[in-house]
Amino acid sequence: MTGLRNECDNCDRRHFLRVSACAALAVGRWSRFGVRAPPNLVVLLTTTTHGTARTTSRDLGVTMGFEEAARSSRLFGGEVRLERIAPEQLARRLARGTSNVGLIGGETTAECLALASAAPHSPYIYMNTLCAADDLRGRDCRRQMFHVAASERMLADARATADESTTVAAWDASLQAFGADTLNQRFRARFSRPMDGDAWAGWFAVKALAEGTLRAPRPSTAGLIAYLEADHTGIDGHKGRPLSFRSWDHQLRQPLYLSSPARPTPIEVPHASADSSRDSRDVLDTIGATRTTSTCHFPE
Amino acid sequence: MKLPPTVAFLLIASAARGQTTGQSGLIFVSNEAGHSISVIDARTGRVESTIPVPSRPRGIQATRDGKFVFVAVSEDTLVRVARRRDAIAVIDVATRRVVRELKSGTDPEQFAVTPNAAVIYASNEDAGTVSAIDVRSGKISSTAVVGIEPEGVAVSPDGRWVYITAETSNSISVIDVARKKVVANLLVDARPRGVAFSPDSRRAYVTAEIGGSVTMIDVATREILTSQPLDGGEAKPVGIIVSPDGRRVYVACGRSNAVAVLDAQTLKPVARVSVGRRPWGVTLTPNGDMLYVANGLSNSVSAVDTKTLAVTATIPVGAKPWGLVFVGKP
Numbered sequence: 001m002t003g004l005r006n007e008c009d010n011c012d013r014r015h016f017l018r019v020s021a022c023a024a025l026a027v028g029r030w031s032r033f034g035v036r037a038p039p040n041l042v043v044l045l046t047t048t049t050h051g052t053a054r055t056t057s058r059d060l061g062v063t064m065g066f067e068e069a070a071r072s073s074r075l076f077g078g079e080v081r082l083e084r085i086a087p088e089q090l091a092r093r094l095a096r097g098t099s100n101v102g103l104i105g106g107e108t109t110a111e112c113l114a115l116a117s118a119a120p121h122s123p124y125i126y127m128n129t130l131c132a133a134d135d136l137r138g139r140d141c142r143r144q145m146f147h148v149a150a151s152e153r154m155l156a157d158a159r160a161t162a163d164e165s166t167t168v169a170a171w172d173a174s175l176q177a178f179g180a181d182t183l184n185q186r187f188r189a190r191f192s193r194p195m196d197g198d199a200w201a202g203w204f205a206v207k208a209l210a211e212g213t214l215r216a217p218r219p220s221t222a223g224l225i226a227y228l229e230a231d232h233t234g235i236d237g238h239k240g241r242p243l244s245f246r247s248w249d250h251q252l253r254q255p256l257y258l259s260s261p262a263r264p265t266p267i268e269v270p271h272a273s274a275d276s277s278r279d280s281r282d283v284l285d286t287i288g289a290t291r292t293t294s295t296c297h298f299p300e
Numbered sequence: 001m002k003l004p005p006t007v008a009f010l011l012i013a014s015a016a017r018g019q020t021t022g023q024s025g026l027i028f029v030s031n032e033a034g035h036s037i038s039v040i041d042a043r044t045g046r047v048e049s050t051i052p053v054p055s056r057p058r059g060i061q062a063t064r065d066g067k068f069v070f071v072a073v074s075e076d077t078l079v080r081v082a083r084r085r086d087a088i089a090v091i092d093v094a095t096r097r098v099v100r101e102l103k104s105g106t107d108p109e110q111f112a113v114t115p116n117a118a119v120i121y122a123s124n125e126d127a128g129t130v131s132a133i134d135v136r137s138g139k140i141s142s143t144a145v146v147g148i149e150p151e152g153v154a155v156s157p158d159g160r161w162v163y164i165t166a167e168t169s170n171s172i173s174v175i176d177v178a179r180k181k182v183v184a185n186l187l188v189d190a191r192p193r194g195v196a197f198s199p200d201s202r203r204a205y206v207t208a209e210i211g212g213s214v215t216m217i218d219v220a221t222r223e224i225l226t227s228q229p230l231d232g233g234e235a236k237p238v239g240i241i242v243s244p245d246g247r248r249v250y251v252a253c254g255r256s257n258a259v260a261v262l263d264a265q266t267l268k269p270v271a272r273v274s275v276g277r278r279p280w281g282v283t284l285t286p287n288g289d290m291l292y293v294a295n296g297l298s299n300s301v302s303a304v305d306t307k308t309l310a311v312t313a314t315i316p317v318g319a320k321p322w323g324l325v326f327v328g329k330p
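Residue numbers (our numbering), protein chains in the order written: chain A, 1 to 300; chain B, 1 to 330.
There's no promise every hint is true.
What the hints assert, rightly or not - Some but not every residue of chain A turned toward chain B, in silico, with C-beta under 7 Å: (1) Glu-68; (2) Ser-72; (3) Leu-75; (4) Phe-76; (5) Gly-179; (6) His-232; (7) Gly-234; (8) Asp-236; (9) Pro-242.
In short, the hints are calculated from the structure, not lab data. Note that the Cβ used here is the ideal one computed from N, Cα and C, for glycine as well.
Could you build the full structure based on these sequences and the hints that come with them?
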């Protein structure tokens with residue numbers, strides 16, 4: 001439960017459009033149980049010279065996630081910035097981080113692992129959006145690495161419930177319930193293309209970072225990590241259940257969607273109606289590595 | 001309180017025989033997929049007329065004198081903006097006809113009417129704004145930016161405050177009616193949907209669909225007083241209303257197919273009433289004796305006696321009932 005609030009005399013449209021002015025005014029009035037630093041976040045998105053369909057899609061999701069997070073955070077006196085950065089400049093940029101820093105990028109397992117280890121002595125969180133490799137959640141797990149991308153194990157567990165022509169994705173542009181329709185409409189209106197699983201991952205990665213920045217009891221990367229891995233945390237990804245990261249390997253618990261040419265509407269796994277009274281975390285833990293099968297030991 | 005299956009079956013069986021609900025008045029029900037308003041005679045528990053509306057109706061409210069019902073109608077979301085006919089339709093209760101359409105902002109979903117019926121505040125879901133519509137002139141007098149995906153709107157009974165929930169931003173924006181602007185934003189649990197004030201305007205109650213909770217706010221200090229998870233956080237609470245005596249809060253819990261009854265002071269659950277599938281809108285008679293619930297996936301309205309908490313009738317209405325409002329007979 002949070003008591004976060006912002007008393008802003010200048011939250012009307014005129015000031016909303018004048019972004020920096022409103023943010024500055026709002027920050028001065030921001031309060032939560034007394035004085036605290038404003039809830040600011042910097043999102044670093046690595047640039048690439050060899051963009052693929054997947055990175056392009058993910059980066060559009062990040063762009064929309066940033067625009068929405070900036071707008072939502074501004075209501076509470078917080079600021080979100082997005083910086084695109086070449087991988088070779090990353091270590092130096094991370095070394096001068098002041099506010100919460102979230103890093104997004106990478107497509108291959110090697111790239112994702114390199115970004116998770118880019119600056120061992122600088123506080124930041126790496127949000128893995130495209131790499132499914134189980135080793136990143138096991139042998140190579142990192143305290144500062146969180147996985148929005150579904151793991152190989154989760155994808156295999158979901159696929160095991162269907163026939164071979166089926167694809168598994170973290171999102172589907174035809175989803176409707178629990179605000180999925182509005183998210184799909186916003187993405188389509190913004191980019192004139194449907195939101196796919198990679199775009200959703202980029203969008204959600206920024207949302208999770210920004211929401212954690214607003215809600216974490218401590219305004220630091222350590223505080224943000226503690227918030228994201230806490231058992232009581234639940235973030236709305238427009239998938240109908242509160243989403244959370246498994247504390248043992250930082251994998252996002254989330255429903256996946258099976259689709260095939262023969263089926264107009266995707267099937268949700270685990271299914272939405274499964275054990276409606278059961279804890280969402282328990283239901284979502286039926287796909288992927290469990291606490292007992294996980295091989296992750298976070299290096300401290 | 002969960003009813004045993006046999007009791008629930010008997011209640012449904014009695015409802016099917018059209019048992020009366022004992023109240024004098026009308027219940028106007030917006031049928032989102034049916035593009036119509038079902039008008040239920042509360043005394044007989046039957047639909048006495050059906051009013052066609054131009055497009056998808058959702059939020060529905062009545063003036064205090066019971067002469068007019070307002071309903072938010074929005075085009076299907078695939079209709080291009082330039083061709084949209086988004087509006088607040090005005091229904092004359094006496095003739096059961098749409099007599100006027102107030103131009104709203106885009107995609108109106110929920111709205112609230114000031115106690116003097118002078119201004120309607122409507123959330124514009126796709127624009128992330130709230131429009132204040134002057135009822136007399138039919139013009140939008142001001143527009144305020146709120147959180148992303150605004151949804152629930154409520155005006156405090158003293159007419160001083162408007163609270164607007166925003167589902168993506170997890171926010172409540174507070175509009176000062178006299179100053180005509182947003183004066184505060186509160187961060188609440190995930191996906192806030194419905195909001196309702198206590199009759200004395202001192203408390204506001206907010207449902208969070210994904211947070212699975214109800215939050216109580218002190219209106220004077222704008223502090224969050226407490227948050228109560230329902231069904232262990234799995235209930236998907238949406239529609240909410242406070243009893244006229246200020247002692248109970250009724251919450252439609254979509255996934256639980258039930259209405260949670262909470263103590264308005266502590267938010268502790270005191271009972272649970274099983275209704276139809278995916279209950280959404282809720283309304284009460286002015287004396288608080290009867291509660292009506294729109295069951296979105298059952299195409300029905302449940303009538304609940306608030307003294308016994310028994311479902312006294314289940315009334316078939318149009319397709320996908322969304323919201324409903326009770327209008328006393330003049």
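Status of each hint after checking the structure:
1. Glu-68: 6 Å, holds
2. Ser-72: Holds, about 4 Å.
3. Leu-75: 4 Å, holds
4. Phe-76: 6 Å, holds
5. Gly-179: 6 Å, holds
6. His-232: Violated, about 9 Å.
7. Gly-234: 6 Å, holds
8. Asp-236: 4 Å, holds
9. Pro-242: 5 Å, holds
The structure fails hint 6 only (numbered hints given earlier).
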